[in-house]
Amino acid sequence: MTINIASENSVILYLDDPTDPKNITRLKQINQAIQLSLGPDLTTSIPSYHSILVTFNALTTDHAQIIQKLNTLLNDIHHRPTPSLNNSQLVRLPVFYDATTGPDLPLIAEHHGIAIEDVITRHCMTIYQVYAIGFAPGFAYLGHVDEQIAMPRLTTPRATVPQGSVGIADRQTAIYPASSPGGWNIIGRCPSILFNPDADPVMPFNVGDRVQFMPINEQEYRYLGGEL
Amino acid sequence: MNTFRVSKPGPLTTIQDQGRFGYAHLGLTEGGPMDKRSFALANRLVGNPVDAAALEITLGGLKLECLRDTAIAVTGAFCPFSINNQPKALWQSHPVRKGDVISIGFAALGVRAYLSVCGGLREASWFSSQATVIREGLGQALLKEQILDAEPCSLMPRFKLDYRAQPSLRKYAVMQFVPGYQWAAITEQEQQRILNCEFFVGKQNDRMGYRLEGEKINTQLPQLTSEGICIGAIQITGDGDPIILMRDRQTIGGYPKIGSVISSSLDTLAQLTQGARIRFEIINAEQSVQQYRQYCHDMEQRPLQTLHY
Numbered sequence: 002m003t004i005n006i007a008s009e010n011s012v013i014l015y016l017d018d019p020t021d022p023k024n025i026t027r028l029k030q031i032n033q034a035i036q037l038s039l040g041p042d043l044t045t046s047i048p049s050y051h052s053i054l055v056t057f058n059a060l061t062t063d064h065a066q067i068i069q070k071l072n073t074l075l076n077d078i079h080h081r082p083t084p085s086l087n088n089s090q091l092v093r094l095p096v097f098y099d100a101t102t103g104p105d106l107p108l109i110a111e112h113h114g115i116a117i118e119d120v121i122t123r124h125c126m127t128i129y130q131v132y133a134i135g136f137a138p139g140f141a142y143l144g145h146v147d148e149q150i151a152m153p154r155l156t157t158p159r160a161t162v163p164q165g166s167v168g169i170a171d172r173q174t175a176i177y178p179a180s181s182p183g184g185w186n187i188i189g190r191c192p193s194i195l196f197n198p199d200a201d202p203v204m205p206f207n208v209g210d211r212v213q214f215m216p217i218n219e220q221e222y223r224y225l226g227g228e229l
Numbered sequence: 019m020n021t022f023r024v025s026k027p028g029p030l031t032t033i034q035d036q037g038r039f040g041y042a043h044l045g046l047t048e049g050g051p052m053d054k055r056s057f058a059l060a061n062r063l064v065g066n067p068v069d070a071a072a073l074e075i076t077l078g079g080l081k082l083e084c085l086r087d088t089a090i091a092v093t094g095a096f097c098p099f100s101i102n103n104q105p106k107a108l109w110q111s112h113p114v115r116k117g118d119v120i121s122i123g124f125a126a127l128g129v130r131a132y133l134s135v136c137g138g139l140r141e142a143s144w145f146s147s148q149a150t151v152i153r154e155g156l157g158q159a160l161l162k163e164q165i166l167d168a169e170p171c172s173l174m175p176r177f178k179l180d181y182r183a184q185p186s187l188r189k190y191a192v193m194q195f196v197p198g199y200q201w202a203a204i205t206e207q208e209q210q211r212i213l214n215c216e217f218f219v220g221k222q223n224d225r226m227g228y229r230l231e232g233e234k235i236n237t238q239l240p241q242l243t244s245e246g247i248c249i250g251a252i253q254i255t256g257d258g259d260p261i262i263l264m265r266d267r268q269t270i271g272g273y274p275k276i277g278s279v280i281s282s283s284l285d286t287l288a289q290l291t292q293g294a295r296i297r298f299e300i301i302n303a304e305q306s307v308q309q310y311r312q313y314c315h316d317m318e319q320r321p322l323q324t325l326h327y
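Going down the list, the protein sequences come from chains A and B. Just so you know, we're using our numbering here: the first sequence kicks off at 2 and counts up by one. Just so you know, we're using our numbering here: the second sequence kicks off at 19 and counts up by one.
Honestly, the hints are just simulated from the structure, not real lab data. Warning: the hint list may mix true and false statements.
Claimed, not checked - Pair ranges (Cβ atoms, derived):
| no. | chain 1 | residue 1 | chain 2 | residue 2 | range |
| --- | --- | --- | --- | --- | --- |
| 1 | A | Gln-30 | B | Asn-302 | 29 to 39 Å |
| 2 | A | Leu-91 | B | Thr-255 | 29 to 39 Å |
| 3 | B | Gln-164 | A | Gly-40 | 35 to 45 Å |
Claimed, not checked - Coverage of chain A stretches by chain B, computed from C-beta distances (three or more under 8 Å per stretch; other residues unrestricted):
| no. | region |
| --- | --- |
| 4 | 39-48 |
| 5 | 103-115 |
| 6 | 121-129 |
For every residue, glycine included, the Cβ atom is placed at its ideal position computed from N, Cα and C.
Bound conformation, chain A alone (with noise of 0.2 Å):
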């Protein structure tokens, strides 16, 4: 484990190894003592497949003092168990995969040499991680889809791409949570609602959960409240 130097009330603290696929797990539990330990001291934190910035009240504290209580926090979960990935939540959400909702599924087909029945075959298999969130408001980075539908970012980001729509960009995929400018490949579109300022949770996963997408048809995507 490191601790770095992040800001004038922030310290950012990294796992010793990026490749390690217990990261998430061990993240997330470390994330839920941080805001335990750390209490009004805290002002947020964001974990990100393997680091978390800690940003604190510099008013009441400071980093040697966060950096003691990191330490400690750390060296109790070091003799705790990495928690098992199948404790954590499964978010199941419908996907409407269709040459209308996913644009770029021929070109992934294309790019790998199999169908595009096989692309979607594919993306629906995985249970993947949540690994952040940022870029926008409920946007999640999930990992790591299979080999066979990785695909780099488009060279000219759309200037729109609608609400809902699934994108895969190297071996990540992500759902767009509102309608924004986009870089990644759009393969189908979700029917729910991913982000609501309104709603308690304002998202349905954190990260560390898990995610299944599963292929509905475009009855069903009308019915569960999706726009064409």
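On the provided structure of chain A, position chain B as indicated by the hints.
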């Protein structure tokens, strides 16, 4: 209570309060005033707490009609300011009456002016904050004919800030920063270059970030796995330009970062435009906390003078 009607919104006028804290894990940025010091002082001049909601006027060009009697103050960028075509002083409270026309002209120096109203604005709030973040769909720039609500004002405030105590507006600035993130991973030679050379504010500067131009920085680091970004972080883009991340920054990203500019320097930067000269200066973590405490104390306690009118 209905307080103002917007006759001219200007190029970018937004409602801001202290910002939206504690929601970065959902991907929400903080927002809040770009020049927090001028914002806080504008509030104190009308007797408000330092974090009451007020207007951030980018470049000027705002005209408001008063719908009731209250008091206002304008601080920040050096803009012509008038009430019913009578020129008025910045950095002090002014009583306004129903029917008065408030006009903020275009900034001669500085970028962002703040207009506070006694009691504070009371507009739509999301995640316990009225801060406008257009990119996130939380609020929008003021529109012509929009009505603005404010809290009632009980006591007429009568304060001014002596000109010697007003923040100075210049065309160069030293950015004090705490080295951190990947700073230790870049070569000493590159570190020295960052500290010794002069940068210029580029044309891409907005509420998300200020891109600097000048010598190119070569971090020799690959794109990183996305990690949390804090306010003030100095990220080095692929082509070697530093970008100082401001109030509406994205919350995670993968460019290498060399540390973060401290709050008081960010306020200064928020008043600079394209071509302004920038130098970087290191301060250590301990000093930065001391500076931060002093900065907060100063916003709360900077002495005001009582006006007699």
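Note to self: I want to verify a distance hint. Is the separation of the beta carbons of Leu-91(A) and Thr-255(B) within 29 to 39 Å?
What the structure shows: Roughly 38 Å apart at Cβ, these two residues keep to the hinted range, so it holds.
Check: Taking 8 Å as the C-beta cutoff, is the stated coverage of the region 121-129 of chain A by chain B satisfied by three or more residues?
Finding: This one is violated; 0 residues, fewer than the three required, reach chain B with a Cβ under 8 Å.
Next item on the list: Take a look at whether the Cβ-Cβ distance between Gln-30(A) and Asn-302(B) falls inside 29 to 39 Å.
Entry: This hint holds: roughly 32 Å between Cβ atoms.
Notebook entry, point to check: With a Cβ-Cβ cutoff of 8 Å, does the region 103-115 of chain A contain at least three residues near chain B?
Noted result: violated (count 0)
Next item on the list: Confirm or reject the claim that Gln-164(B) and Gly-40(A) have a C-beta distance inside 35 to 45 Å.
Entry: holds, 40 Å
Check: Has the region 39-48 of chain A got at least three residues whose CB is nearer than 8 Å to a CB belonging to chain B?
Finding: holds (count 5)
Consistency note: the structure conflicts with the earlier hints numbered 5, 6.
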